[in-house]
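> In the order they appear, the protein sequences are chains B and Y.
Each residue of the first sequence is one higher than the one before, counting from 1 in my numbering.
Each residue of the second sequence is one higher than the one before, counting from 1 in my numbering.
Don't read these hints as lab results, they were simulated from the structure.
In this text, a Cβ means the ideal position worked out from N, Cα and C, and glycines have one as well.
Just so you know, nobody snuck in bad clues.
Here are a few chain B residues that face chain Y, going by a calculated C-beta distance under 10 Å:
1) ASN38
2) LYS63
3) PRO115
4) ALA119
5) ASP120
6) SER132
7) ASN135
8) LYS136
9) ILE137
10) ALA138
11) PHE143
12) ASP146
13) GLU147
Pulled a few chain Y residues facing chain B out of the computed Cβ check, cut under 7 Å:
14) GLN112
15) ASN115
16) ALA123
17) GLY125
18) ILE380
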Amino acid sequence: MAILMGVFLLFLLTIVALVVLVAGAYNSLVQLRNRVKNAWAQIDVQLKRRHDLIPNLVEVAKKYMQHERETLEAVIKARTQAINVSADNLEERVKAENFLSQTLRSLFAVAERYPNLKADAQMMRLHEELVSTENKIAFARQFYNDETTLYNTKIEMFPMNIIAGMFNFQKMPLFEADEEERKEVKIEF
Amino acid sequence: MRFNFLEIKRKKDRYVFLLLLLLMLSYTVGFFVTTYAVLFVARIGFMSGASFPSVIRWVNHQLFHTRLGLQVLLAAVVLSLVSWLLSGFSLRHIVSMFKGYPPEPDDRYHKQFVNIIDEVKIASGIKNIEPRILPDTDINAFTCQDFSGKIVIGVTEGALAKLTRHELEAVVGHEMGHVMSGDVVTTTMFSAIMSVYAAMKEVGLGMLKLGLAGVYSYRSARDRDSRVNIRASRSSGINVLALIGLVVFIISLLWSYLNYMLITLISRQREYRADALAIKIVRDPISLARALLKIKNGHKSVKLITDKTVGALFISNPFTPERLSSGSSLAESLFNTHPPITDRISIVCNIAGVSPDELERQIIAEEKAKIEARSKTGLIFLGDKEDGADFQVDSGADRWMVFLDSAWRGPFTVKELATMGLPPDTFIKREGEEGHSMIQDNPELMMGLFGVSARVEDAGAQDGDEVSGNAKKQVYCPRCRDVLLSRADYEGVLVLACPNCFGVLLDRDHLKKILLRKEVGFSDDIRQWGDKLFSMVEISGKRYEIAPIKREPSFVCPVCGDRKFGAKQETISMMYKRVFAKKFPVQVDICGLCGLIWFDKGELEVLQYMFEKKAEEMGVSVEEVWNNIPEIGISWGG
Numbered sequence: 001m002a003i004l005m006g007v008f009l010l011f012l013l014t015i016v017a018l019v020v021l022v023a024g025a026y027n028s029l030v031q032l033r034n035r036v037k038n039a040w041a042q043i044d045v046q047l048k049r050r051h052d053l054i055p056n057l058v059e060v061a062k063k064y065m066q067h068e069r070e071t072l073e074a075v076i077k078a079r080t081q082a083i084n085v086s087a088d089n090l091e092e093r094v095k096a097e098n099f100l101s102q103t104l105r106s107l108f109a110v111a112e113r114y115p116n117l118k119a120d121a122q123m124m125r126l127h128e129e130l131v132s133t134e135n136k137i138a139f140a141r142q143f144y145n146d147e148t149t150l151y152n153t154k155i156e157m158f159p160m161n162i163i164a165g166m167f168n169f170q171k172m173p174l175f176e177a178d179e180e181e182r183k184e185v186k187i188e189f
Numbered sequence: 001m002r003f004n005f006l007e008i009k010r011k012k013d014r015y016v017f018l019l020l021l022l023l024m025l026s027y028t029v030g031f032f033v034t035t036y037a038v039l040f041v042a043r044i045g046f047m048s049g050a051s052f053p054s055v056i057r058w059v060n061h062q063l064f065h066t067r068l069g070l071q072v073l074l075a076a077v078v079l080s081l082v083s084w085l086l087s088g089f090s091l092r093h094i095v096s097m098f099k100g101y102p103p104e105p106d107d108r109y110h111k112q113f114v115n116i117i118d119e120v121k122i123a124s125g126i127k128n129i130e131p132r133i134l135p136d137t138d139i140n141a142f143t144c145q146d147f148s149g150k151i152v153i154g155v156t157e158g159a160l161a162k163l164t165r166h167e168l169e170a171v172v173g174h175e176m177g178h179v180m181s182g183d184v185v186t187t188t189m190f191s192a193i194m195s196v197y198a199a200m201k202e203v204g205l206g207m208l209k210l211g212l213a214g215v216y217s218y219r220s221a222r223d224r225d226s227r228v229n230i231r232a233s234r235s236s237g238i239n240v241l242a243l244i245g246l247v248v249f250i251i252s253l254l255w256s257y258l259n260y261m262l263i264t265l266i267s268r269q270r271e272y273r274a275d276a277l278a279i280k281i282v283r284d285p286i287s288l289a290r291a292l293l294k295i296k297n298g299h300k301s302v303k304l305i306t307d308k309t310v311g312a313l314f315i316s317n318p319f320t321p322e323r324l325s326s327g328s329s330l331a332e333s334l335f336n337t338h339p340p341i342t343d344r345i346s347i348v349c350n351i352a353g354v355s356p357d358e359l360e361r362q363i364i365a366e367e368k369a370k371i372e373a374r375s376k377t378g379l380i381f382l383g384d385k386e387d388g389a390d391f392q393v394d395s396g397a398d399r400w401m402v403f404l405d406s407a408w409r410g411p412f413t414v415k416e417l418a419t420m421g422l423p424p425d426t427f428i429k430r431e432g433e434e435g436h437s438m439i440q441d442n443p444e445l446m447m448g449l450f451g452v453s454a455r456v457e458d459a460g461a462q463d464g465d466e467v468s469g470n471a472k473k474q475v476y477c478p479r480c481r482d483v484l485l486s487r488a489d490y491e492g493v494l495v496l497a498c499p500n501c502f503g504v505l506l507d508r509d510h511l512k513k514i515l516l517r518k519e520v521g522f523s524d525d526i527r528q529w530g531d532k533l534f535s536m537v538e539i540s541g542k543r544y545e546i547a548p549i550k551r552e553p554s555f556v557c558p559v560c561g562d563r564k565f566g567a568k569q570e571t572i573s574m575m576y577k578r579v580f581a582k583k584f585p586v587q588v589d590i591c592g593l594c595g596l597i598w599f600d601k602g603e604l605e606v607l608q609y610m611f612e613k614k615a616e617e618m619g620v621s622v623e624e625v626w627n628n629i630p631e632i633g634i635s636w637g638g
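Input sequences plus hints: build the corresponding full structure.
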């Protein structure tokens, strides 16, 4: 009788321990997944800020760059495109934003040829804001990738993979440099 | 090693607990040793002729078999808890010790720094960071953190002026590395502890002096009369006081050195780790290497801050003499909180895959090219719609085209036109219309552009007076009388300038920033003017007289000059013509009350040119020239 009691107790203890372990693992996964979501939201905030800055940039640049209508129009068009892509269509959005980055880069490259524009006080500040926003986007992606890698590794590793499978934790996609960006990476020396 | 916010938090809690224990231990041991020594000395002093073993036995008995020991322990614990709690305030204390101030939103360089902090916040996922700026002129940066988790990252004005955006980002990344690895708390804590020992050292020194003074006065008293017996007991008492003071002094000195060595041991490793983390955060090892190289080349020891322990908080210890920052012998580096900077550079360069020598050559070449390619225009008028990050472009107002340099420019709003310094006979036309006229024929524009306008707009659309930091007040040009000074950007510094005569109103702190930054180049006229002034200095050095400067005031100070007392308006202060400094005889106007300086057109550029040339001649940096000016605004020869 005593033995049966002992076995029963042991069984009960094992169950309790298992539940506690699974709950702990589940909570840690939820925590990680929320951080990945937060990191993604960070990117969104910065993209939105870039959309807000561009009309001002074009407005200032227009004063000095009447002969570069094409470049300016390309920027405006790219911005409109990026805004109009629906938020759910991730792939399209990434594509549109990348295109916007490209047009901006070419705008700044052209602006180099206009010393008056470069010396414009508003342009100087706008340029700094945009550089900062571009950096923030890059850093936000970097942070997102770091967090996502952590999360992805965790749900693939034993024994988390079992729990992740049980509660349907999906792998999250990583940001990858697109073809255009890859081409532009160059070493300075 | 992975660093994310949760781990940092957990690790920080562990650190903090460990530190508390360490602190208690440090206090307890320190107190026991001091008490032991004090008792010992006192016993020997009062009981002349007692044998050492008996004294030791007595002291042991007093300390460990009576309540005294318990009391000492209690005092140590209480004091450690108090200083623990107080060290929470050390952040404010430290920042105020460095004379740090928050960045000015209108300063372009400061804004860039704030942006970089924001970027690094995103890159690291840590949010509560406050940016601060230190007035020092050499390149440095620091970080500290209290137990509430508030972090302060500060850089010097010198770093803002001399580092590129990427380099500054790498430096901030390094400071962030300290935060992420959690060692800022330790360093901040240690500097708090050290200040207690410094205080103890002072007390000991005071006792020693008091005791010695007593001995001296006793001796002189004895010389005067011979009542030795009466004063004998007092004599030994005084001697004991001096001895106790000496003992307290020596022990606290030794103890603080021991602690200091402990800091140096820990913090040297940390610098390497923070460098590595900076690369992880910013992913730009080349910029970090370049920043370190610039720090190395511009390094000099600062004597502004007396508490040496805070040196560990900086990216490169500001108290280390040049010799130590590059030397690597064991004895030399024993007391250095930072590893030799050359070692750090070579490690970072190794990661970046470049050779330090090549990088250094490249930096020198780049700086040379940059100085040659400087633009000639310094003053950029901002208009009044400019406000930090909110770029609202007004579209409702009328726009005008202006005939300038044989072409139609524009369109501009009236307010923009007002900042361009156009003469009244300039041709203008409305945007989109053909017929043109002159400004003076158009009453609306005359209102908007010239004196009359200023008073019409009295509602305060234009906010001036950034310079003196007073309440918003309209400031008129002292030369042109009824033209409002407008906000303008000069090398990133917000100044008040006249759109008509291009005079600039500045205070000394902002002038120093402008002299540090090297954005503006100089036209040949400016160069000639400066060289002529230099030759004047030479002549006057041979006792020639320079034409005396008028003693009567030039004009009423535009900022603090007029005050209203009821209905009556009174003049309070005037600006006087002054020579900027003996070796820089640029004639500027300085207010006798608020010290603001008025530069007429070109005078600021000449001063900059002369500073840079002087620095080049003497082979030192501009800030050293600035620091060697004995007095600004002397009335020379007058």
